[in-house]
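**Q** These are the residues of each chain, in order.
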Amino acid sequence: MTYRIVHYINQFFAGIGGEEKAGTGPESKDGAIGPGMAFKAAFGSEAEIVGTVICGDGYFAENMDGASEKILKMISDFSPDAVIAGPAFNAGRYGTACGAVSEAVSKKLGIPVVTGMYPENPGVDMYRKGIYIVETSDSARGIKDAVPAMAKLIMKLLRAEPVGSPADEGYIERGVRVNCFQDKIGAERAVDMLVKKLKGEEFRTEYPMPVFDRVAPAEPIKDMKNAVIALVTSGGIVPKGNPDHIEASSATKYGTYSIAGVQSADEVAYATAHGGYDPTYANTDPNRVLPIDVLREMEKNGEFKKLYDYFFTTVGNGTPVANAKKFGTEIGARLKKDGVDAVILTST
Amino acid sequence: MVKAIEATGIAVVHICTIVPISQTVGANRIVPAVAIPHPLGDPTKSHEEEKMIRRAILEKALEALKTPITEQTVFN
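Chains as they are written, first to last, in our numbering: chain A, 1 to 348; chain B, 1 to 76.
There are no misleading hints in this set.
Label pairs and their computed distance ranges (CB to CB):
1) GLN182/A with ILE69/B: 39 to 47 Å
2) GLU59/B with LYS199/A: 39 to 47 Å
3) GLU71/B with LYS337/A: 24 to 32 Å
By construction, these hints were calculated from the structure, which means they are not laboratory data.
Fair warning: this is a prediction, and the values are worked out from it, not measured in the lab.
Built from N, CA and C at the ideal position, the CB exists for glycine as well.
Please build the complete structure, drawing on both the sequences and the hints.
**A** Here's what the structure looks like:
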């Protein structure tokens with residue numbers, strides 16, 4: 001049998017136009033268009049591109065929910081067995097659209113879907129956990145590598161063949177762990193890797209660490225005696241009773257509490273909400289995590305001018321990076337507005 | 001959080017126990033703490049001794065905030 005495949009592309013790859021046509025709404029065409037011709041060649045007689053659904057990148061970005069719905073309807077009208085989207089290379093809005101359409105197809109139509117993007121495309125971080133995104137180069141020049149890789153993966157999914165690791169199949173990690181048997185035990189594999197590392201040879205880790213972006217160090221405080229310092233903690237110290245119900249793990253919020261006039265984070269008024277360490281010591285003396293007592297003494301001695309009137313707190317325990325970043329951005333904006341010069345952030 | 005706050009241009013010193021995590025995540029000014037459940041204290045010591053420990057860490061933190069740096073720095 002020949003599998004029926006629908007292809008999603010943007011206005012540019014459909015030949016409608018560039019940025020000036022990015023506002024084009026969703027439309028549906030029979031057969032393959034643009035990059036679909038390359039897919040058609042890659043599929044041979046095994047699969048056929050029965051239709052192409054097109055949407056302008058600008059239109060999609062501005063009407064995400066509505067556009068997704070319309071596109072999904074157009075796709076399902078072709079009664080496809082699978083969908084391919086893009087590849088979007090490093091085009092941000094196109095990548096986001098491909099990711100959103102792919103996710104909707106996977107969730108709502110329940111059929112295989114594959115898209116392709118450059119690893120730094122913002123669509124990757126948004127959608128890689130739910131869908132297969134084949135890694136491509138950053139521009140359309142990479143189409144000749146992207147098409148065979150995407151075609152191969154979608155055919156595997158259609159035939160319900162086992163899909164290998166991201167490195168073997170060329171898709172971007174979804175953060176899924178799969179149990180498998182190895183010839184050597186973990187200790188041996190780890191030593192093998194270490195030996196390769198020591199020799200300066202290439203090795204492939206079995207547990208890649210997340211990559212974090214960097215921020216340039218801020219200018220130092222030139223005049224500490226006139227500096228306003230704010231206290232922030234991920235150690236979960238909150239007013240007793242945890243009035244804002246900050247979660248013991250995977251926190252979705254932070255608290256902002258006044259410490260104007262407070263001389264010490266004593267055990268009567270404060271406790272920790274953190275669920276990731278033994279709270280005994282922090283609850284006996286919360287200053288061990290939120291050192292208000294000593295900071296007040298230093299403030300009094302004139303070592304710095306003033307402890308900012310509020311402290312910010314959350315629970316750093318399995319907190320998603322996106323949440324932590326959001327908290328930090330909001331806290332930073334407020335401190336900036338209030339003229340705070342420096343921050344002491346304590347973590348357990 | 002450290003990075004997002006520092007991105008506004010405000011200097012941040014991170015007082016933390018597990019320095020490698022702070023380094024991996026990307027804090028720029030790092031001051032090592034005592035232990036995970038009591039970063040700025042030590043329950044085996046007297047209250048006064050604990051405050052001395054706390055003060056020493058915080059003084060180091062202020063020093064870190066005063067120090068010009070161009071890359072991640074651990075203030076031991």
